[in-house]
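Asker: The residues making up each chain are set out below.
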Amino acid sequence: MENEKSLQIRNVIQNNIKQRGHRADRLMPVVFLMLASISIFTTAGIVLILVTDSIHFFSDVPIKDFFSTRLAPLNAKNPEFGILPLINGTLFTSLIAMAVAIPVGLTAAIFLSEFASEKIRRVVKPIMEVLAGIPTIVYGFFAYSFVTPILMTLIPNLGAKNVISPGIVMGIMIIPMVASLSEDAMSSVPKAMREGAYGLGSTKLEVTLKVVIPAAISGILASFVLAISRAIGETMIVAIASGSSKNFTFDLTQSMQTMTGYIVEFTSGDAASGTTGYYSLYAVGLLLFLFTMLMNLVAQYVSRKFREEY
Amino acid sequence: MNQQHKSETVYEVKGLNLWYGDDQALKDINLKIGKNEVTAIIGPSGCGKSTFIKTLNRMIENIPIVRTSGEILYHGDNIFDKTVRVEELRTKVGMVFQKPNPFPKSIFENVVYGPKIHGIKDKALLMEIAETSLKSAALWDEVKDRLNDNAYGLSGGQQQRLCIARALAVQPDVILMDEPTSALDPIATAKIEELIDTLKEEYTIAIVTHSMQQAGRISDKTAFFLMGELIEFDRTEVLFSNPRDKRTEDYITGRFG
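So the sequences go chain by chain: A and B.
Using the UniProt record's numbering, you'd call the opening residue of the first sequence number 1 and step up by one each time.
Using the UniProt record's numbering, you'd call the opening residue of the second sequence number 1 and step up by one each time.
Just so you know, the hints here were simulated from the structure itself, not pulled from any lab data.
Heads up, a few of these hints could be off.
[Unchecked claim] Below are the DSSO-like pairs computed for lysine-lysine, each with C-alpha atoms no more than 27 angstroms apart in a straight line:
#1 LYS135(B) with LYS82(B)
#2 LYS210(A) with LYS32(B)
#3 LYS144(B) with LYS204(A)
#4 LYS144(B) with LYS305(A)
#5 LYS144(B) with LYS121(B)
#6 LYS210(A) with LYS144(B)
#7 LYS32(B) with LYS204(A)
#8 LYS210(A) with LYS125(A)
#9 LYS92(B) with LYS82(B)
#10 LYS82(B) with LYS27(B)
#11 LYS116(B) with LYS204(A)
#12 LYS210(A) with LYS99(B)
#13 LYS204(A) with LYS35(B)
#14 LYS305(A) with LYS116(B)
#15 LYS210(A) with LYS135(B)
#16 LYS204(A) with LYS191(B)
#17 LYS210(A) with LYS121(B)
#18 LYS204(A) with LYS200(B)
#19 LYS200(B) with LYS144(B)
#20 LYS135(B) with LYS123(B)
#21 LYS125(A) with LYS204(A)
#22 LYS191(B) with LYS121(B)
#23 LYS82(B) with LYS99(B)
#24 LYS191(B) with LYS99(B)
#25 LYS191(A) with LYS116(B)
#26 LYS191(B) with LYS92(B)
#27 LYS191(A) with LYS99(B)
#28 LYS123(B) with LYS210(A)
#29 LYS92(B) with LYS191(A)
#30 LYS135(B) with LYS99(B)
#31 LYS121(B) with LYS14(B)
#32 LYS121(B) with LYS82(B)
#33 LYS144(B) with LYS35(B)
#34 LYS64(A) with LYS77(A)
#35 LYS35(B) with LYS92(B)
#36 LYS116(B) with LYS210(A)
#37 LYS35(B) with LYS200(B)
Same shape as in the complex, but just chain A:
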């Protein structure tokens, strides 16, 4: 370029850079911070309400009675608020769900990440993710009106409302989450590491089981824990298909109510504001929140603890 012209360009640039205000640079971080704090304040607000209303509840019901097996919130003379039947229901539905979701989800992830051709992956992954997009009420209906009748032919004593059917369906719902997160963890293992193993005469299966999965284990375990947390918090499927029995039982063929199911039942009409029953919702909600928060912390810990540095 001619000397004069490049000198001109330089002048324009130098002028502009001097004149340009840095207002946007100072303003935007504040805007970002404000928008980001919405979620933090919301969370804080929720926790605050859960805690204050739970305190109301515990001033009526001693902790000892809360952690008991007797649950009869609508008994007008002598209401009882033992939460253990609900914990039982939550625990069993979640365990059954994990028994379905972990093996199926992990094998799906292994197949997609290590064995499927690019073409198959491109078709299968979106289809699987559609599973995650189905509204949970549809799953609940599916469990109640399709899976339960089928199971009834296999298990003679199965109640119309039971724990097994929603557990299985909840597991199916969670499969895409386990598969997708585990697949992400496995496909982010560097290709060079796989090559190193192939170069030593490993078969594809050996590379997968002895190199890829150990290297991705933190992400895989974290996906399991997040899936558990999802199962604990899941509401519609269990509300529809596992019913509202408040008996403390270990019989999986019978109805059990989960913590989330309890909240659904009560918020849909029966709890007058200000009653102990009304406040019990907050206590159950708080416990549920603590459970899922604990699971998320476990997920974080697991993914840090088992991370293989590379």
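Assemble chain B onto chain A, guided by the hints.
Answerer: Below, chain B alone, put in the same frame as chain A:
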């Protein structure tokens, strides 16, 4: 098979062609690699040198669109033969890669990975394998007190020597090296070159390098590749001092590349 022949030629490549889809990356390659020789493969980027070396242990077939024709005889047997198991071939023909790629495991577990997956379980024997392999890779003294530390705590040069030890642990016959020093500093590079010099007493080595000085320092024979063709293959000192082909001369004198 003739025993005499076996002891001389390790690899004989005959009319090798290779395509990535419709692009031909190797065109009618013919060369022989002799026992205990270091063969350097040089050429500009994209000339097919890495493709070629990865064909020698059929690693190239991990890319699904690759097709080959021609023969590669390894001790007289065609490696493309249907009866050949690639896993078996790769235990005899080890490979070291461009960037050090240890597994995210301990130093010890890295070295014994190969022997372990091939069925060696005896702890004492594995320990012995680890020690001899690390000694052969000139790494033992630096790591003998921390065999259980994660391999990623080592420096880049140490990691690469660990990868060499890992390859040696399965007792191969040939070691293929694909630009093993391209990610290393000059001191680490010098150590690897020194190592190659001692390794060639026991192993046959083929090394891809983009550095002509390196080829000159370490190799007995040099192959010059250009656009998928083997332009010239000769004893290293001959190829560098008295190239027959104009293109070789242009490349080694730095006129292109």
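Asker: Hint check: LYS35(B) vs LYS200(B), CA-CA at most 27 angstroms. Holds or violated?
Answerer: holds, 9 angstroms
Asker: Assess, step by step, whether the Cα of LYS92(B) is no farther than 27 angstroms from the Cα of LYS82(B), and give holds or violated.
Answerer: holds, 18 angstroms
Asker: Check the hint pairing LYS204(A) with LYS200(B) against an upper bound of 27 angstroms on the C-alpha distance.
Answerer: violated, 31 angstroms
Asker: Can the restraint linking LYS191(B) and LYS92(B) be considered satisfied, given a maximum Cα separation of 27 angstroms?
Answerer: holds, 24 angstroms
Asker: Are the Cα atoms of LYS32(B) and LYS204(A) separated by 27 angstroms or less?
Answerer: Violated, because 31 angstroms separates the two Cα atoms, which is more than 27 angstroms.
Asker: Does LYS14(B) lie within 27 angstroms of LYS121(B) when you go C-alpha to C-alpha?
Answerer: violated, 40 angstroms
Asker: Run the distance test for LYS204(A) versus LYS191(B): straight-line Cα separation, threshold 27 angstroms.
Answerer: violated, 33 angstroms
Asker: Is the hinted pair LYS121(B) and LYS82(B) satisfied, with a Cα-Cα distance of at most 27 angstroms?
Answerer: violated, 30 angstroms
Asker: When you check the alpha-carbon spacing of LYS191(B) and LYS99(B), does it fall within 27 angstroms?
Answerer: holds, 16 angstroms
Asker: CA of LYS92(B) to CA of LYS191(A), is that 27 angstroms or under?
Answerer: holds, 22 angstroms
Asker: Hinted pair, alpha-carbon criterion (27 angstroms max): LYS123(B), LYS210(A). Please report holds or violated.
Answerer: With Cα atoms ~18 angstroms apart, LYS123(B) and LYS210(A) stay inside 27 angstroms; holds.
Asker: Taking 27 angstroms as the top limit, are the C-alpha atoms of LYS210(A) and LYS32(B) close enough?
Answerer: violated, 36 angstroms
Hints 1, 2, 3, 7, 13, 16, 18, 22, 23, 31, 32 and 33, counting from the list given before, are not met by this structure.
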